[in-house]
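Colleague: Okay, here's what each chain looks like letter by letter:
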Amino acid sequence: NAGVTQTPKFQVLKTGQSMTLQCAQDMNHEYMSWYRQDPGMGLRLIHYSVGAGITDQGEVPNGYNVSRSTTEDFPLRLLSAAPSQTSVYFCASSLRGQPSELFFGEGSRLTVL
Amino acid sequence: QQQVKQSPQSLIVQKGGISIINCAYENTAFDYFPWYQQFPGKGPALLIAIRPDVSEKKEGRFTISFNKSAKQFSLHIMDSQPGDSATYFCAARVSDGAQKLVFGQGTRLTINP
Chain A
1 NAGVTQTPKF QVLKTGQSMT LQCAQDMNHE YMSWYRQDPG MGLRLIHYSV GAGITDQGEV
61 PNGYNVSRST TEDFPLRLLS AAPSQTSVYF CASSLRGQPS ELFFGEGSRL TVL
Chain B
1 QQQVKQSPQS LIVQKGGISI INCAYENTAF DYFPWYQQFP GKGPALLIAI RPDVSEKKEG
61 RFTISFNKSA KQFSLHIMDS QPGDSATYFC AARVSDGAQK LVFGQGTRLT INP
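Chains as they are written, first to last, in my numbering: chain A, 1 to 113; chain B, 1 to 113.
Keep in mind the hints are simulated off the structure, nothing from the lab.
Possibly wrong hints are sitting among the right ones.
Said to hold, decoys possible - Pairs of lysine to aspartate or glutamate residues, derived as EDC-like cross-links and limited to a Cα-Cα distance of at most 20 Å, are as follows:
| id | chain 1 | residue 1 | chain 2 | residue 2 |
| --- | --- | --- | --- | --- |
| 1 | B | Lys100 | B | Glu26 |
| 2 | B | Lys100 | A | Asp73 |
| 3 | B | Lys5 | B | Glu26 |
| 4 | B | Lys42 | B | Asp84 |
| 5 | B | Lys42 | A | Asp26 |
| 6 | B | Lys100 | A | Glu30 |
| 7 | A | Lys9 | A | Glu72 |
| 8 | B | Lys58 | A | Glu101 |
| 9 | B | Lys71 | B | Asp53 |
| 10 | B | Lys68 | B | Asp79 |
| 11 | B | Lys68 | B | Asp31 |
| 12 | A | Lys9 | A | Glu106 |
| 13 | A | Lys9 | A | Asp26 |
| 14 | B | Lys58 | B | Glu26 |
| 15 | B | Lys100 | A | Glu59 |
| 16 | B | Lys100 | A | Asp56 |
| 17 | B | Lys68 | A | Glu30 |
| 18 | B | Lys42 | A | Glu101 |
| 19 | B | Lys100 | A | Asp38 |
| 20 | B | Lys5 | A | Asp38 |
| 21 | B | Lys5 | A | Glu59 |
| 22 | B | Lys15 | B | Asp79 |
| 23 | B | Lys100 | A | Glu106 |
| 24 | B | Lys57 | B | Asp31 |
| 25 | B | Lys68 | B | Asp53 |
| 26 | B | Lys42 | A | Asp56 |
| 27 | A | Lys9 | A | Glu59 |
| 28 | B | Lys68 | B | Glu26 |
| 29 | B | Lys42 | A | Asp38 |
| 30 | B | Lys71 | B | Glu26 |
| 31 | B | Lys57 | A | Glu101 |
| 32 | B | Lys100 | A | Glu101 |
| 33 | B | Lys100 | B | Asp31 |
Build out the structure end to end from the sequences listed, making use of the hints.
Modeller: What follows is the structure, given as structure tokens:
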């Protein structure tokens, strides 16, 4: 049982490049989300999904796209990377409905030059 | 806009002492208040959580105190140990069933041996 798996763990991009951060979970969780972590800012919600085929924006969605074609996978796409997107990105999953534990991946550290 | 404010940003406590981290929230549409613990290079992991109809919850050395009228909650770590050294995040769940969490800024806790 792997939990939440994120790839890659580290990535360096040049301004304007695009890339996809991958996230997969094997716990059959309906809810998945992406957060970014920046010093002094805590974790901020980028996008989330309450089930396959359903996505919605969080607090800081600009510059990012998501899709949820299966229950297991929730990729995050950076369309045209900017230095302001330098951050550590965390994918998380949970059961939907009653308050329940959010399970996080180990993070993807992205640097945009 | 940060709806959950956490303090202090960093905290140093001697082994065996009590660590106290405070959080305050502004939005009343929260229905669950978890605390997450994060070690370097890892994703956050749920430590303890409380619902707003409870004033205190204790699990081992960890206690959450919750003051609904003041919109404040705090984490107390009794008999703090060097292994407790980590970053701690308070959070609040938006009460729409989607498991969206709003996080505080984080507290880096160091326990000196």
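Colleague: None of the hints should be skipped; say for each whether it holds.
Modeller: Hint check results:
1. B:Lys100 to B:Glu26: Between Lys100 of chain B and Glu26 of chain B the Cα gap is close to 16 Å, so the pair holds against 20 Å.
2. B:Lys100 to A:Asp73: Between Lys100 of chain B and Asp73 of chain A the Cα gap is close to 18 Å, so the pair holds against 20 Å.
3. B:Lys5 to B:Glu26: holds (9 Å)
4. B:Lys42 to B:Asp84: holds (14 Å)
5. B:Lys42 to A:Asp26: holds (19 Å)
6. B:Lys100 to A:Glu30: holds (13 Å)
7. A:Lys9 to A:Glu72: With Cα atoms ~19 Å apart, Lys9 of chain A and Glu72 of chain A stay inside 20 Å; holds.
8. B:Lys58 to A:Glu101: holds (17 Å)
9. B:Lys71 to B:Asp53: holds (12 Å)
10. B:Lys68 to B:Asp79: Answer violated: Lys68 of chain B to Asp79 of chain B is near 27 Å, above 20 Å.
11. B:Lys68 to B:Asp31: holds (11 Å)
12. A:Lys9 to A:Glu106: OK: Lys9 of chain A and Glu106 of chain A at ~8 Å, within 20 Å.
13. A:Lys9 to A:Asp26: Holds, at about 19 Å.
14. B:Lys58 to B:Glu26: violated (24 Å)
15. B:Lys100 to A:Glu59: At roughly 10 Å apart (the allowed maximum being 20 Å), Glu59 of chain A and Lys100 of chain B satisfy the hint.
16. B:Lys100 to A:Asp56: holds (11 Å)
17. B:Lys68 to A:Glu30: violated (30 Å)
18. B:Lys42 to A:Glu101: holds (16 Å)
19. B:Lys100 to A:Asp38: holds (18 Å)
20. B:Lys5 to A:Asp38: holds (15 Å)
21. B:Lys5 to A:Glu59: holds (16 Å)
22. B:Lys15 to B:Asp79: holds (7 Å)
23. B:Lys100 to A:Glu106: Status holds; Cα separation ~19 Å.
24. B:Lys57 to B:Asp31: With a Cα-Cα distance of about 15 Å, the restraint between Lys57 of chain B and Asp31 of chain B holds, given a limit of 20 Å.
25. B:Lys68 to B:Asp53: Distance ~8 Å between Lys68 of chain B and Asp53 of chain B Cα, so the pair holds.
26. B:Lys42 to A:Asp56: violated (26 Å)
27. A:Lys9 to A:Glu59: Violated. Lys9 of chain A to Glu59 of chain A sits at ~23 Å, over the 20 Å cutoff.
28. B:Lys68 to B:Glu26: holds (11 Å)
29. B:Lys42 to A:Asp38: Holds, at roughly 14 Å.
30. B:Lys71 to B:Glu26: holds (7 Å)
31. B:Lys57 to A:Glu101: Roughly 16 Å separates the two Cα atoms, so the pair holds.
32. B:Lys100 to A:Glu101: OK: Lys100 of chain B and Glu101 of chain A at ~11 Å, within 20 Å.
33. B:Lys100 to B:Asp31: Holds: Lys100 of chain B and Asp31 of chain B sit about 11 Å apart, inside 20 Å.
Checked against the numbered hints above, the structure breaks hints 10, 14, 17, 26, 27 and satisfies the rest.
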